[in-house]
Amino acid sequence: MKKLINNPEDVVKEELKGIELAHPDLVKVFYDPDFIVRADAPVQGKVALVSGGGSGHEPMHGGFVGKGMLDAACPGAVFTSPTPDQMLEATKAVDGGAGVLHIVKNYTGDVMNFEMAADLARDEGIEVESVIVNDDVAVEDSTWTAGRRGVGLTVLMEKIVGAAAEEGRSLKECADLARKVNGQGRSMGMALTSCTVPHVGKPSFDLPEDEMEIGIGIHGEPGRHRIKLEPADKITEMLLEPVVEDLPYKEGDEVLLFVNSMGGTPLIELYIVYRKAVEILDAKGIKVVRNLIGPYITSLEMAGMSITLLKMDEDLKKLWDAPVKTAGMRWGI
Amino acid sequence: MKKLINNPEDVVKEELKGIELAHPDLVKVFYDPDFIVRADAPVQGKVALVSGGGSGHEPMHGGFVGKGMLDAACPGAVFTSPTPDQMLEATKAVDGGAGVLHIVKNYTGDVMNFEMAADLARDEGIEVESVIVNDDVAVEDSTWTAGRRGVGLTVLMEKIVGAAAEEGRSLKECADLARKVNGQGRSMGMALTSCTVPHVGKPSFDLPEDEMEIGIGIHGEPGRHRIKLEPADKITEMLLEPVVEDLPYKEGDEVLLFVNSMGGTPLIELYIVYRKAVEILDAKGIKVVRNLIGPYITSLEMAGMSITLLKMDEDLKKLWDAPVKTAGMRWGI
Amino acid sequence: MAITRDDVLNWIKSYAQAIEENCEMLTDLDREIGDADHGANMRRGFRAVLEKLPSVEDKDIGTILKNVGMTLLSKVGGAAGPLYSTMFTKAGMTIGAKMEMDLNDWAQALEAGTTGIAKLGKALPNDKTMLDALYPALNALSAAMGNGASVGEALQKSADAAHEGMLATIPLVARKGRASYLGERSAGHQDPGATSTYLLIKTAAETWTDC
Amino acid sequence: MAITRDDVLNWIKSYAQAIEENCEMLTDLDREIGDADHGANMRRGFRAVLEKLPSVEDKDIGTILKNVGMTLLSKVGGAAGPLYSTMFTKAGMTIGAKMEMDLNDWAQALEAGTTGIAKLGKALPNDKTMLDALYPALNALSAAMGNGASVGEALQKSADAAHEGMLATIPLVARKGRASYLGERSAGHQDPGATSTYLLIKTAAETWTDC
Ligand SMILES: Nc1ncnc2c1ncn2[C@@H]1O[C@H](COP(=O)(O)OP(=O)(O)O)[C@@H](O)[C@H]1O
Ligand SMILES: Nc1ncnc2c1ncn2[C@@H]1O[C@H](COP(=O)(O)OP(=O)(O)O)[C@@H](O)[C@H]1O
Ligand SMILES: [Mg+2]
Ligand SMILES: [Mg+2]
Ligand SMILES: [Mg+2]
Ligand SMILES: [Mg+2]
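Residue numbers (the working numbering), protein chains in the order written: chain A, 858 to 1190; chain Y, 858 to 1190; chain S, 4 to 214; chain U, 4 to 214.
There could be a bad hint or two in this list.
What the hints assert, rightly or not - Listed next, the stretches of chain Y that the computed footprint assigns to chain U, with coverage defined by at least 3 CB atoms under 8 angstroms from CB atoms of chain U:
| id | segment |
| --- | --- |
| 1 | 965-973 |
| 2 | 1002-1015 |
| 3 | 1073-1079 |
Because the hints were derived from the structure by calculation, they are not lab data. All of these numbers come straight from a predicted model, not from anything done at the bench. All C-beta atoms in this analysis are idealised placements derived from N, C-alpha and C, irrespective of residue type, glycine included.
Please construct the entire structure, taking both the sequences and the accompanying hints into account.
Structural data, given as structure tokens:
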């Protein structure tokens, strides 16, 4: 295992310390239980957004705490959902009297832990709403299974709903908006290499030099199927087509196109993919009106990428463009 | 070779196409010769900044074109200096009558090609000044050799001098400022893995599972020496100490601390390194007043990182904080 | 014929040790069809439990088990955290303020824990989860008790059934938890949670064999 | 006894082919002590030269060589681009508007090219660069000419000397170019630029052997 770490058990604590030292203007970091809140929390009268999940997806979620995005993030161990006590304390720390929205990626662990935390917070008199993100079209959607994973769309939801909260929208409006975003967004991902969870010390899966995984999540899980390597254009097609067909996105639609690195794939490759994705969408009459390109929701050092589409309208465009000031995403301020 | 590319020969062209499609609000892209200029170029009366170098270091330099930073970037083939005709055309395209500053990393190829371009541009009546960046303390500084490489400091110089140009400083002032930045900045890097140049198809060097390279550049060159893996804290010390000693940075100094990913090292690890670097500097009485953490000057997908220190003063702090709007670095607008 | 508080404490400690010993194996199973953390999650949780125990070991069985549950809840995370937490909490609530329990108490506790897990996780039998070890263990336990088996025998039957249930997860296609994302590819792999649950039943049988 | 324009064109084409054939080898040498692009750089340059040639092949030797130089300048990049560009441009300027040249012209052209490279790159002998193949080639050429050798013989001596010079770069510690960053670690590896330069001299000798 080749990593810039010390003791694998200390990875998350040391990362948090780094974040605390690096961004005192943006965030405050708490330990035991671990959580990160924006520097000026609680913001009175504003709906507060809390998210969280396993570590290893940086900059998500800690890097998205700040004005215009999240009020708090709860980091779990690497690839492990955080615990209800973290979420409860974070919720209490950011509640500004207008209620708290939990943004939860649809994983069994995340959902159960956040549910418990919401119950506990409500028990303490805080108004809490929860929204589940489940945008991964690689997984079949069914009431008999755990359902679809929450992946790339999470980043877009946090930005957009963060802007809405900043604008003063109510808890219900924020939750409805988040559900609308979830309804209009779809993603799919692929891996060229596996990643290595620090305390495991070996790759989560073994992938021969000439093969790739299609339909992966963000936790180093193997994907839906394994196939021979293909050129970037073909891979882009293989991810984008199921995404487009799922909603479906249609001629005339305006979309945000998000090409995300799983961590180890450099920007130069993302632009090659982005180029092809726009070409494909163009041919379908789907118009890319906003974009995001880079490593925003990662799986440690995994090489690979995901593509997310979000159908846009005037409100979503305005909220997307609104100022945001976090370590991981910043514009307008 | 596992990469999201098509034909290795087309990597740079397809990347440029992606950048063109993604950022029409920020840049215009020209082909044959290839260069990128800011969307509103030439800016009349403003000193224009032109840089360039081999591709494979993204977001540098193309991602740094825009308001408050570069006016143009010339991308060469992967890890290969661009050619004088690119630089000449870029220089002509951005000259706003106040002269053009070439920011050149100290590599034989870059220096020679930029020198030729500067000569040709002067011949066409454009005022050109060149500044060489050579901040890499891993290489011995000597008039008998090619001298030190230009690495991480390039990013900081482009930001700071870009702000000065935006502010209306003259060509001479910008060039002097750039030389001052070069005088006050030092870097050193290391690699956990090699990278693979697309048209080569195999790693630039072979590195056993338990070894790392110390003192690498940004072109997949092997470093000054190869040693056994160490914990992140120890590696941070091994890079930071020679950097501090070289200038030297002294008690009471204020610095910008830049922890850079070589591409494949994820953010979670950079924060662990950042934390230790601050600890070391703290112990020496050197105060970190600004920072930059992330993949800004990369070597394709190489895992590894570099540390750059820049001694700050009020002017540099103000210029660093000034608004910048590029694909790779953005704040204040 | 009674399982004392000390027996319960010994069981928890011996399970904690089984987790230490099988940590890598559990993580490896989770590597195959999950995210390679089940062993590490359980170990983190039970290390914390061992640290917690001294402060509650003079309490009744119910209190001890509920404290184990609370500790797991705040230390494990993931799916296993709330699920195992529920198991211990519900079991503790069922047993209540007793200083010793009989096999019947244990059977009721186990049933309450299992039902708690099923409710929280919304999983059915054959979804390839820890329930696939728990249900058989429960059934075997009550069958053995009906047949008048000794405590040791009944617990052994229950452990054997958990073992079979664990192995029976191998061919299943997962419908719950992270393994469900793999679809058909999840078949052919043993469920990590069912494996850690088997260890739980097995250590109980081993620790209490002479009660 | 003359090297005609067609001979010069054939030399350029045969060098372009040598680059194609040795591209991987040159890149591999550059992998060891540089950035793994020398073969690719030279190939990109000489592919462009081959595309350019038809438009200038009815011109004089000087014009042809200068066009090669200009093409390399805008296609190669890196250190090799300006250096090889200078070599061809200076050689072309030295030979001038001739339709054929003799060995003396060639020797002067090669000297001008070499001097141009030395000036631009500021390298000295034994810095482990292409100069370490060029200087020996030049010296051997003029020595052979002084001894009254035939064109073929003189060119062969020059190629042999370039070959020796190339091999002699192996033990050197680089002081110029990218290999210099390696310090002592650069010793033990053959310089890629000296290798491509040897091929240049060698293809001249082979192509012009009967001139
Ligand atoms: N809905 C569920 N109901 C019951 N057990 C479940 C459910 N989902 C997952 N599990 C169990 O949890 C185990 C995985 O635990 P763990 O790896 O620690 O958590 P995570 O899946 O969050 O990484 C699975 O092997 C399975 O036995
Ligand atoms: N200053 C110099 N003078 C002469 N030749 C040089 C100099 N620097 C480098 N070279 C030659 O250039 C070769 C490298 O060319 P190439 O790999 O194409 O460019 P780069 O080093 O920019 O990647 C070296 O092997 C060496 O022979
Ligand atoms: Mg997990
Ligand atoms: Mg090069
Ligand atoms: Mg798991
Ligand atoms: Mg090279």
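We went through each hint and held it up to the structure:
no., hint, in the structure
1, 965-973, "holds (count 5)"
2, 1002-1015, "holds (count 3)"
3, 1073-1079, "holds (count 5)"
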